[in-house]
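Novice: Here is what each chain is made of, one letter per residue.
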Amino acid sequence: MKLSQECTLLQNELKKFAQQVLAEKVDEIEKSCSLPTDNIKRLAEMGIVGAIIPESHGGAALDTIGFTVVLEEISKVCASTAFVIAVHNAFFAYPILKFGSEEMKKRYLPKAASGETIGGYALLKTAELEHGGSLNGPCLDGKNPFVLNAAANGPIVAAVPLTGPNGLNLYVIDTDTHGRKFTKTSKTVGLRSAGIGEYSFEKVQPLQANIIGEENQGQMIIDNMNSYARILLAAISLGIAQGAAEAAIKYAKERVQFGQPIVSFGMVRELIADMMVSIEAARHLVYEAALRVDRGEEYATAAAIAKLLAGRSATAVTTNAIQVYGGYGYMKDYPAERYFRDAQMLNVICSTPDEDKEIIAKNTI
Amino acid sequence: MDYFLSDEEKTLKEKARAVAENLVEPVHCEFDEKAEFPMEIVKEMGRRGLLKIFIPTEYGGTGAKIMDMCIACEEVSRICAGVATAYAVNALGSGPIVLFASEEQKKKYLPKIAVGELLCAFGLTEAQAGSDVANVQTTARKENGHYILNGVKQFISSGSLSDVYVILASTDKSRGARGISAFIVEKNTPGFSFGKEENKLGIRASTTTELVFEDCCIPAENLLGKEGMGFIYTMRNFDRARPGVGAIALGIAQGAYEVALEFLHQKNLLNNQYIQRVIADMATEVEAARALIYATARMIDAGGKNFTKEASFAKLYPADIAVKITNQAIELLGPHGLLTEYRVEKMLRDAKITQIYEGTNQIQRAQIAIELAREMGTKKRAGKV
Numbered sequence: 001m002k003l004s005q006e007c008t009l010l011q012n013e014l015k016k017f018a019q020q021v022l023a024e025k026v027d028e029i030e031k032s033c034s035l036p037t038d039n040i041k042r043l044a045e046m047g048i049v050g051a052i053i054p055e056s057h058g059g060a061a062l063d064t065i066g067f068t069v070v071l072e073e074i075s076k077v078c079a080s081t082a083f084v085i086a087v088h089n090a091f092f093a094y095p096i097l098k099f100g101s102e103e104m105k106k107r108y109l110p111k112a113a114s115g116e117t118i119g120g121y122a123l124l125k126t127a128e129l130e131h132g133g134s135l136n137g138p139c140l141d142g143k144n145p146f147v148l149n150a151a152a153n154g155p156i157v158a159a160v161p162l163t164g165p166n167g168l169n170l171y172v173i174d175t176d177t178h179g180r181k182f183t184k185t186s187k188t189v190g191l192r193s194a195g196i197g198e199y200s201f202e203k204v205q206p207l208q209a210n211i212i213g214e215e216n217q218g219q220m221i222i223d224n225m226n227s228y229a230r231i232l233l234a235a236i237s238l239g240i241a242q243g244a245a246e247a248a249i250k251y252a253k254e255r256v257q258f259g260q261p262i263v264s265f266g267m268v269r270e271l272i273a274d275m276m277v278s279i280e281a282a283r284h285l286v287y288e289a290a291l292r293v294d295r296g297e298e299y300a301t302a303a304a305i306a307k308l309l310a311g312r313s314a315t316a317v318t319t320n321a322i323q324v325y326g327g328y329g330y331m332k333d334y335p336a337e338r339y340f341r342d343a344q345m346l347n348v349i350c351s352t353p354d355e356d357k358e359i360i361a362k363n364t365i
Numbered sequence: 001m002d003y004f005l006s007d008e009e010k011t012l013k014e015k016a017r018a019v020a021e022n023l024v025e026p027v028h029c030e031f032d033e034k035a036e037f038p039m040e041i042v043k044e045m046g047r048r049g050l051l052k053i054f055i056p057t058e059y060g061g062t063g064a065k066i067m068d069m070c071i072a073c074e075e076v077s078r079i080c081a082g083v084a085t086a087y088a089v090n091a092l093g094s095g096p097i098v099l100f101a102s103e104e105q106k107k108k109y110l111p112k113i114a115v116g117e118l119l120c121a122f123g124l125t126e127a128q129a130g131s132d133v134a135n136v137q138t139t140a141r142k143e144n145g146h147y148i149l150n151g152v153k154q155f156i157s158s159g160s161l162s163d164v165y166v167i168l169a170s171t172d173k174s175r176g177a178r179g180i181s182a183f184i185v186e187k188n189t190p191g192f193s194f195g196k197e198e199n200k201l202g203i204r205a206s207t208t209t210e211l212v213f214e215d216c217c218i219p220a221e222n223l224l225g226k227e228g229m230g231f232i233y234t235m236r237n238f239d240r241a242r243p244g245v246g247a248i249a250l251g252i253a254q255g256a257y258e259v260a261l262e263f264l265h266q267k268n269l270l271n272n273q274y275i276q277r278v279i280a281d282m283a284t285e286v287e288a289a290r291a292l293i294y295a296t297a298r299m300i301d302a303g304g305k306n307f308t309k310e311a312s313f314a315k316l317y318p319a320d321i322a323v324k325i326t327n328q329a330i331e332l333l334g335p336h337g338l339l340t341e342y343r344v345e346k347m348l349r350d351a352k353i354t355q356i357y358e359g360t361n362q363i364q365r366a367q368i369a370i371e372l373a374r375e376m377g378t379k380k381r382a383g384k385v
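Protein sequences, first through last, are from chains A and B. Going by the working numbering, the first residue of the first sequence is number 1, and it counts up by one from there. Going by the working numbering, the first residue of the second sequence is number 1, and it counts up by one from there.
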């Protein structure tokens with residue numbers, strides 16, 4: 001797929017950065033299970049951390065296709081780093097930018113653009129909350145084991161249930177909010193250095209000034225931001241699949257069995273061809289969804305299609321990549337198993353394939 | 001589905017399930033995280049008669065029935081495939097002794113293996129001999145009534161923790177596969193040590209280690225069967241062991257299916273048709289895998305002669321559905337499925353090995369296709385095609 005010249009330049013810059021800087025550290029970061037703070041700092045210097053934030057708030061004002069390509073390149077090497085940045089933009093900056101008050105934007109976006117704060121998001125689906133609400137207004141009470149960018153301990157976006165049927169408000173819960181506590185890093189199958197963790201909320205009463213959008217608009221805003229996030233997460237899936245495929249192909253050319261490189265065997269070639277078909281299809285869909293956003297077109301369906309296909313593609317491609325490596329693929333000395341674990345995360349975070357299908361069906365029928 | 005198991009088989013199934021649920025369940029997460037070998041559990045399985053099933057009755061066992069192995073492996077693997085592997089390796093390791101050893105060797109080892117006094121392992125794979133098993137570089141040189149072993153075995157399950165090892169080494173490099181011989185090597189033999197311990201994606205309770213032979217001198221009577229027959233013994237051993245690998249895969253699939261079903265039930269999601277489609281397919285595929293494994297096991301136990309193809313079926317299909325089903329289980333649980341405490345992510349990590357060990361699924365397919373071509377050749381000769 002042909003990208004604009006500007007986009008290609010950005011792609012090359014990130015490719016170089018990923019290979020020169022991220023590749024060095026990825027094993028160490030993976031082992032430590034801690035946030036890739038140095039990577040984020042470097043990317044902040046490059047203006048990537050505030051990717052979608054407008055220049056007026058100090059951000060890079062990247063278009064969606066640009067950001068997609070950036071995330072893809074980073075994920076080829078270190079999906080955790082890409083994920084932290086995607087979450088920061090899609091689940092924190094995006095709702096404030098699209099639905100927050102001017103005052104809120106001024107308060108949060110410049111710091112988010114410079115990387116001084118890294119925003120997080122408490123997944124609604126995993127929230128174990130008492131149905132809140134009191135005389136003093138909505139209240140967040142309970143815990144959530146699946147807060148994205150939890151370990152950054154910055155401001156997080158969280159839905160707060162309203163008394164009454166199914167209502168939600170969306171708030172920014174600041175780090176120093178009384179009753180908010182980062183309790184632990186969660187043990188997850190992949191993205192182990194993305195700082196996904198558990199928060200406890202003890203009768204947290206969000207500030208009215210921190211509401212994103214209007215009362216009871218929470219679900220609408222979440223749907224909206226999920227649509228946008230799907231494209232970015234799909235881009236990460238795409239990068240994971242591409243990184244895994246490249247590693248597997250390189251290995252298959254070097255590994256000799258039965259007196260020849262295994263890449264000469266039909267069953268290995270088939271695995272490689274299947275990977276390529278799957279990746280290429282995903283790339284077209286992901287780019288198309290991103291370009292729709294940039295052209296100002298309706299993109300919810302395209303985003304769901306891209307997320308579904310790229311997510312499934314990455315789990316299949318990384319499974320095949322391990323298979324190409326054989327026993328070596330199962331060992332932590334090689335990158336295939338990390339790609340495989342990371343791919344699982346992207347496939348179900350934000351939406352599962354079934355949820356994507358429902359969106360596609362609903363919007364198509 | 002009712003497979004009309006015999007009373008003995010039902011008792012065995014219950015016994016294995018009790019071990020899995022009472023002993024393995026409480027520790028499997030910790031063993032996975034710390035990559036800790038379940039020595040006490042394997043020993044206890046020996047005390048409870050679960051290692052006997054790999055051994056013929058004449059040597060203190062219960063008949064070395066493939067069906068028994070499959071039943072026990074599935075039950076343990078339903079809770080933890082790492083522990084199941086640590087357990088099942090004893091079947092793979094004792095297999096060549098059961099099939100090809102001398103009377104003396106059998107008497108020496110099998111009764112002790114049957115009670116778990118001796119644990120055993122199988123050393124074939126090397127850095128350059130993975131799928132290409134005939135490319136064994138380890139050598140055994142005959143000298144003054146001894147064999148001197150040199151070389152490094154790689155990725156050996158339960159290496160360093162087993163007492164008895166069946167080792168494949170070349171006694172005549174000029175003859176390639178026909179120059180490979182099998183040997184029994186005991187732990188603590190001078191010149192036999194353990195190298196790198198692998199850090200793996202899954203089945204982390206099963207230790208995977210290098211075996212290092214440096215002028216390791218063993219008595220000539222430790223040769224297993226005849227010189228030059230090692231490769232054939234290996235294939236025969238694999239034919240009997242592969243349904244067991246299938247059963248380990250089946251156990252993982254069954255476990256993941258159960259976790260998913262329970263989760264969906266609790267969340268009241270079983271009336272959602274997206275979910276109905278997936279869970280119905282899961283249930284069907286698990287049962288299909290079980291039926292295939294049981295049919296193969298019954299065929300072998302009934303004295304079937306050539307079952308190479310069927311053994312590959314019984315490994316290939318369950319392994320593929322185990323990866324598919326564990327993957328789907330994660331999707332069904334959503335973000336919960338990504339968290340270790342919900343168990344299915346470990347099951348996925350564990351499942352992946354079943355497509356790789358004891359012959360990758362690509363090797364199984366090649367094996368099946370070779371058998372099919374052979375059958376066509378036989379038919380042609382008989383004038384049927």
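Hints in this document: simulated from the structure, not taken from any laboratory. As the structure is a prediction and not an experimental result, all values here were calculated from the model. There may be inaccurate statements among the hints.
Claimed, not checked - With a Cα cut of at most 25 Å, we get these calculated DSS-like pairs of lysine-lysine:
hint : chain 1 : residue 1 : chain 2 : residue 2
1    : B       : Lys-13    : B       : Lys-43
2    : A       : Lys-187   : B       : Lys-324
3    : A       : Lys-125   : B       : Lys-267
4    : B       : Lys-142   : A       : Lys-332
5    : B       : Lys-34    : B       : Lys-10
6    : B       : Lys-43    : B       : Lys-187
7    : A       : Lys-187   : B       : Lys-267
8    : B       : Lys-43    : B       : Lys-15
9    : A       : Lys-125   : B       : Lys-108
10   : B       : Lys-106   : B       : Lys-267
11   : A       : Lys-332   : B       : Lys-34
What the hints assert, rightly or not - With the Cβ distance kept under 7 Å, some of the chain A side facing chain B (calculated, not the full set):
hint : residue
12   : Glu-254
13   : Gln-257
14   : Phe-258
15   : Pro-261
16   : Gly-327
17   : Tyr-330
18   : Met-331
19   : Gln-344
Claimed, not checked - Rough simulated footprint, nothing fancy, chain B against chain A, three-plus residues with beta-carbon under 8 Å:
hint : region
20   : 182 to 192
21   : 223 to 234
22   : 317 to 325
23   : 349 to 356
Even glycine gets a Cβ: it sits at the ideal position worked out from N, Cα and C.
Novice: Work down the list of hints and note, for each, if the structure agrees.
Specialist: A quick look at each hint next to the structure:
Of the pairs offered as hints, the one joining B/Lys-13 and B/Lys-43 holds, with about 18 Å between alpha carbons and a cut-off of 25 Å not exceeded. A hinted pair counts as satisfied when its Cα atoms are at most 25 Å apart, and A/Lys-187 with B/Lys-324 qualifies at roughly 22 Å. Restraint check for A/Lys-125 and B/Lys-267: satisfied, since their Cα atoms lie roughly 12 Å apart, inside the 25 Å limit. A C-alpha spacing of about 38 Å is found between B/Lys-142 and A/Lys-332, which places the hinted pair above 25 Å, so the restraint is violated.
At most 25 Å may separate the alpha-carbon atoms for a hinted pair to count; B/Lys-34 and B/Lys-10 exceed this at roughly 34 Å. A distance of roughly 17 Å separates the Cα atoms of B/Lys-43 and B/Lys-187; the hinted pair therefore holds under the 25 Å criterion. Proposed proximity of A/Lys-187 and B/Lys-267 is supported: the alpha carbons are some 22 Å apart, at most 25 Å. For the hint linking B/Lys-43 to B/Lys-15, the alpha-carbon distance of about 14 Å falls within 25 Å, and the restraint holds.
Between A/Lys-125 and B/Lys-108 the CA atoms are separated by roughly 60 Å; this puts the pair beyond 25 Å, and the hint is violated. Between B/Lys-106 and B/Lys-267, the direct Cα distance comes to roughly 54 Å. Violation of the 25 Å bound is thereby established for this hinted pair. As the CA atoms of A/Lys-332 and B/Lys-34 are separated by approximately 14 Å, the hinted pair is consistent with the 25 Å bound. Interface hint status for A/Glu-254: violated, as the beta-carbon distance to the closest one in chain B is roughly 12 Å, over 7 Å.
Evaluation of the A/Gln-257 hint against chain B yields a held restraint, the C-beta minimum of about 4 Å falling below 7 Å. Taking 7 Å as the C-beta contact cut-off toward chain B, the hint placing A/Phe-258 at the interface holds, the least distance being around 5 Å. For A/Pro-261, the shortest C-beta to C-beta distance to chain B is roughly 12 Å, which exceeds 7 Å, and the interface hint is violated. A cut of 7 Å between beta carbons decides the hint on A/Gly-327: the least distance to chain B is about 5 Å, and the hint holds.
The criterion of a C-beta within 7 Å of any C-beta in chain B is met by A/Tyr-330, whose closest approach is roughly 5 Å, and the hint holds. Nearest Cβ of chain B to the Cβ of A/Met-331: about 5 Å, under the 7 Å cut. The hint holds. Taken as an interface hint, A/Gln-344 checks out: its beta carbon lies about 6 Å from the nearest beta carbon of chain B, inside 7 Å. For the region 182 to 192 of chain A, the stated coverage by chain B is satisfied: 5 residues place a CB nearer than 8 Å to a CB of that chain, which reaches the threshold of 3.
For the region 223 to 234 of chain A, the stated coverage by chain B is not satisfied: 0 residues place a CB nearer than 8 Å to a CB of that chain, which falls below the threshold of 3. Counting residues of the region 317 to 325 of chain A whose C-beta lies closer than 8 Å to any C-beta of chain B gives 3; at least three are required, and the coverage claim holds. Counting residues of the region 349 to 356 of chain A whose C-beta lies closer than 8 Å to any C-beta of chain B gives 4; at least three are required, and the coverage claim holds.
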